[in-house]
Amino acid sequence: MENINAQMTILDVVSKYRETEAVFKRYDQKAGACLCCEELFEPLWKVAEKYHLDLNKLMYDIEEAVAI
Amino acid sequence: MMKELDCRGLACPGPVLRTKDLLENHRPDVIKVIVDNEASKQNVKRFMESQNYKVNVEIDGSLFYVIGSDEAGSEVQSEERPAPEPHVETKKIVVMIGTDRMGYGDDELGKKLMLNFLATLKEMGDDLWRLILINNGVKLTIEGSDALPILKELADNGVYILVCGTCLTYFGLLDKKDVGETTNMLDVVTSLQLADKVINI
Chain A
226 MENINAQMTI LDVVSKYRET EAVFKRYDQK AGACLCCEEL FEPLWKVAEK YHLDLNKLMY
286 DIEEAVAI
Chain B
236 MMKELDCRGL ACPGPVLRTK DLLENHRPDV IKVIVDNEAS KQNVKRFMES QNYKVNVEID
296 GSLFYVIGSD EAGSEVQSEE RPAPEPHVET KKIVVMIGTD RMGYGDDELG KKLMLNFLAT
356 LKEMGDDLWR LILINNGVKL TIEGSDALPI LKELADNGVY ILVCGTCLTY FGLLDKKDVG
416 ETTNMLDVVT SLQLADKVIN I
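So the sequences go chain by chain: A and B.
Here our numbering runs 225 ahead of the position in the first sequence, where the first position is 1.
Here our numbering runs 235 ahead of the position in the second sequence, where the first position is 1.
For the record, the hints were derived by calculation from the structure and aren't laboratory data.
In this text, a Cβ means the ideal position worked out from N, Cα and C, and glycines have one as well.
Watch out, some of these pointers could steer you wrong.
What the hints assert, rightly or not - Over the 12 Å line for every Cβ pair with chain A, so calculated as not near, a few chain B residues:
#1 P263
#2 K289
#3 Y300
#4 Y339
#5 D362
Stated by the list, open to error - Pair by pair, the computed Cβ-Cβ distance ranges are:
#6 A:F266 - B:D381: 35 to 45 Å
#7 A:V291 - B:L383: 42 to 52 Å
#8 A:H277 - B:D410: 27 to 37 Å
#9 B:K357 - A:L280: 47 to 57 Å
#10 B:D256 - A:Q232: 18 to 28 Å
#11 A:K275 - B:M237: 48 to 58 Å
Let's have the full structure, built from the sequences with the hints guiding it.
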């Protein structure tokens, strides 16, 4: 598995690991926006910053989804 | 080589992922992707441009045809679609409704006025491009609403009705919506940006 890092865009992540789409959907409500619609081309760190999301938790959740 | 992808009914990131797969596997000279929502249109267009495709978008009712041609290849050809875009010669009027009643004073009167307003909107003809329903306005779209037949008639006549998904979720009405497309803030902002005129109720 290629390491997932915060510089990767949402598109980078979901295109490599389709199973992570569900993770982003889970975060839509916290963000108050559809992340895959509105931030598809943005890096994870920037998305987390913009929507005040916990980046470490987001990364953990993504990696957990990929590991399953 | 021309490739076509029908992504109707797919939400983001589906259309972009399918487009990405196609470009990576085939790299067609021309690619046409059909989508039915604003966010997918924007994202597919942006992705094609990032892959050095020159992109045109054609609008047909609620459908978007995102057509890209490889910059190194031929110019975009609209595949025997000589007719102009339906909205090119008309104004694009967006009506944004944030309430289920019109004005202040008497709520019952306000609800009747809203029904009358919606029923009269068709007098705008082809200029009426989109209807955006936000906050309490989303209640006009749910089962049992008196406005439902009027909104359905507008939709049948080609008016694209956008219904705020966050608002539906907030009111617990996501499953009750019976007309229009559930939408997000990007669709709303893009609609306002593209409109020639916005009427705010």
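List of violated hint numbers, smallest to largest:
Those not satisfied come down to hint 11.
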